[in-house]
Amino acid sequence: MQTITRRGVLASSVTALAAGLVGASPTRSRAAEPIKLGAALSLTGRFADAAKYCQEAYLLWVEQVNGKGGIDGRPIQMIVYDDESNPDTGRVLAERLIDRDGAIAILGPYSSPITDAMATAAERAQVPLIGMIASDASIWNRRKLRWSFQAFPSSEYDHEGFLDICRQKAGAARKLAIVYEETPFSISAKDWAAQKAKEIGLSVDAYGYNPGAQDFRSIVERMVAAGSELVSMGGYYQPSIALTRQMAERGFNPVAYHFILSADGVTKDALGANAEGVFGRSAWEPTIESPANGAFVALYKARYNRVPSYHSAASYAAGQVIEAAINSKGTDRAAIRDFLAASSIESVLGTFKVNAKGQQEGYRYVATQWQSGICQVVGGGVQRPIIWPKPKWT
Amino acid sequence: MTLALQLIANGLVVGGLLCLVALGLALIFGVMRVVNFAHGEFVTLGAFATYLLVANLHVSPLLGIPLAFALGAVAGAVVQRAIIARTTGRPELDVLMTTYALSIVALGAFSQAFGGDFRSYAEGPTGTLTLSGVTIGWRSLTVLLVCLALGGATVLIMRRARIGIALRALAQNRDAAASCGIDVQRSELFAFSLSVGLAAAAGSLVSLIGTVTPYVGHEWVLDAFVVVVLGGMGSITGAMIAAILLGLVHSVASFVLDDSWAKIVAYLLLYAVLLVRPQGLLGRADG
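Protein sequences, first through last, are from chains Z and R.
Each residue of the first sequence is one higher than the last, beginning at 1 in the numbering used here.
Each residue of the second sequence is one higher than the last, beginning at 395 in the numbering used here.
Think of the hints as simulated: they come from the structure by calculation, not from any bench.
There could be a bad hint or two in this list.
As the list claims (entries may be wrong) - Quick list of in silico lysine to any residue cross-link-like pairs, SDA-like style, CA-CA up to 25 Å:
#, chain 1, residue 1, chain 2, residue 2
1, Z, LYS268, R, TRP532
2, Z, LYS52, Z, ARG303
3, Z, LYS392, R, TRP532
4, Z, LYS175, R, THR529
5, R, LYS657, Z, GLU289
6, R, LYS657, Z, GLY212
7, Z, LYS268, R, ALA403
8, Z, LYS353, Z, ASP164
9, Z, LYS268, R, ASP652
10, Z, LYS392, Z, ALA275
11, R, LYS657, Z, THR183
12, Z, LYS198, Z, GLY212
13, R, LYS657, R, THR631
14, Z, LYS196, R, THR631
15, Z, LYS268, R, ALA516
16, Z, LYS52, R, ALA500
17, Z, LYS268, R, VAL499
18, R, LYS657, Z, ALA226
19, Z, LYS36, Z, ALA324
20, Z, LYS144, Z, PRO184
21, Z, LYS268, R, SER454
22, Z, LYS392, R, LEU523
23, R, LYS657, R, ALA403
24, Z, LYS268, R, LEU457
25, R, LYS657, Z, GLY294
26, Z, LYS392, R, LEU446
27, Z, LYS268, R, ASP511
28, Z, LYS268, R, LEU446
29, Z, LYS52, R, GLY518
30, Z, LYS357, Z, GLN371
31, R, LYS657, Z, GLU182
32, Z, LYS52, R, ALA449
33, Z, LYS268, R, THR520
34, Z, LYS268, R, ALA500
35, Z, LYS392, R, THR631
36, Z, LYS357, Z, ALA226
Quick caveat, the model's predicted, so the values are computed rather than measured.
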């Protein structure tokens, strides 16, 4: 049986205390009852690094809202527990947040598996859940969810930005290889991309690999044998780096190469000069020009003295979305649910808008490319030259 | 022909690494009858040691290989003396649970110390070598050569050195070896220390061609267990042959079929061998 850890309770207390302190605005009545929101974050375990950035953004958002006097004079109280990077713990914590703490809504955890587990509890209890960093489309595809909403671009569109660039630049290069992991999110992204690639006149070969695989040499040989010219890798970071290195070691130089997580800053550490010209996709970049984004980046830098990551942006956006819902509908869970299902809400990530399944349709990924050691947003409406073809591996 | 040679070269790199990890497992089991579930965490130790060396001192990761080996050997000696030696004579399940617990503790310690993020470095050998149409990167070639050197040295020690003969005697009959004057405690300490040193060196090589996370050793050790069973529990030569065989089978099967089928073929091979030779390729039949 899962139990709540002391660490989790400690985290909760600290966060609630922080929220309470910043909520003690002079404009607020002493009697104003706080609006309770719940969250589980991976404060420990394998997702701990990323979840730390989520927590920072939550605190920043709570500070902002409570600094303005809360919503309708009521401060926000954010209750955060440690899910220990474990989906089962996340589900138990969701039940605790709903049943014991009385949270009116849950802001999603970091990662798709934990969101998936928490959605089960949210649906059962009929409490709105905003999956702030859950890209896996299969969470919403394989079952009918009424109370859980995706606030992150869907994984189905992982390859979209790269394919758009291929459409413009590929010329005679028509052979696309999609490398994908044999997991639901990667398979659905591959299926979507294969269809889209055929529509723009590319021939597609798809190569699956087992989760956790580190040896891609045979896949590289198959791509060499097939004469692949464009390569798009739709897996996690670790296998993507392994594939890239093994392509370089084999001397296999495709015309263009994309791996979905390449926008992560550690790509440069891992690949060095070989990162040049590699495409990626990003849910959010600090350089995206919009007034809301600029204000958020400035606020975050002032508070934490560094540029926010996409984890922070997505978490702050989740706060903005629930703020809009409570502003409009108060604290009634069903009314908040209906509002989230039907509204277009501006956030730092873009315009939050879900389809009938609850999947995010309002914003998608932007394409990125490593240029002179900097990960730049390219394609779409951005007027930045694209490096094409990819420089040969060094 | 070139393609076949290329697939063989690819398979040898993976097989070499598997060999290094499995050698230690086989040695520990052969000499001490201990199934070391914590072996993967020593691979992780070597990977992190090399990563930290490169990231902080900006030196070649090749220096990390002997460092990881030495660090692993010391860590192995400490663990053997402090924990494993105390389980001598206890039921097999107790020993199994001890190494399992050690694995969980070490995994937790790595996660706490380094978080779950992937770490990697670009330093180290670059470029490729092409011979008769077969291309292999210098990083992979380094891995292959180091595996060959360490594997060969281990075999030499086991066949020629006094301590190796003592370990073989212990593996055959512990009581008889002890009655012949072999210092069992010292021999076991050496076996465990060498095994963990090999695992840490393998971790250093893994960091050269892959990424480093607290789980990196865990991923390799599962396949290494298959190698040990396939080669024959406790057989050093058997483990080496099985590792190379498995690397080649994976390379060819994932080219001809795909990656998922390669896993299936590898396990089918294991079942087929165990059906014909339940003791594994070079294991000794009970009784």
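Satisfaction of hint between THR520 (chain R) and LYS268 (chain Z), Cα-Cα up to 25 Å: 15 Å, holds
Restraint status (C-alpha distance of LYS657 (chain R) to ALA226 (chain Z) at most 25 Å): 23 Å, holds
Restraint status (C-alpha distance of LYS392 (chain Z) to ALA275 (chain Z) at most 25 Å): 10 Å, holds
Hint consistency between LYS268 (chain Z) and ALA516 (chain R) [alpha-carbon to alpha-carbon, up to 25 Å]: 8 Å, holds
Restraint status (C-alpha distance of LYS268 (chain Z) to ASP652 (chain R) at most 25 Å): 30 Å, violated
25 Å Cα cutoff - pair LYS392 (chain Z), LEU523 (chain R): 16 Å, holds
Restraint check for LYS268 (chain Z) with LEU457 (chain R), where alpha carbons must lie at most 25 Å apart: 22 Å, holds
Distance restraint between LYS268 (chain Z) and TRP532 (chain R), which requires alpha-carbon spacing of 25 Å or less: Holds, because 20 Å separates the two Cα atoms, which is no more than 25 Å.
Hinted pair LYS52 (chain Z) and ALA449 (chain R), Cα distance within 25 Å: OK: LYS52 (chain Z) and ALA449 (chain R) at ~23 Å, within 25 Å.
Given hint THR631 (chain R) paired with LYS657 (chain R) - CA-CA distance at most 25 Å: 23 Å, holds
Pair hint outcome, LYS392 (chain Z) versus TRP532 (chain R) [Cα-Cα no greater than 25 Å]: Satisfied, since the Cα-Cα distance of roughly 17 Å is no more than 25 Å.
Hint consistency between LYS52 (chain Z) and ALA500 (chain R) [alpha-carbon to alpha-carbon, up to 25 Å]: Cα-Cα ~23 Å, so holds.
Going through the hint list in order, the structure does not satisfy hints 5, 7, 9, 12, 14, 17, 25, 26, 29, 30, 34, 35 and 36.
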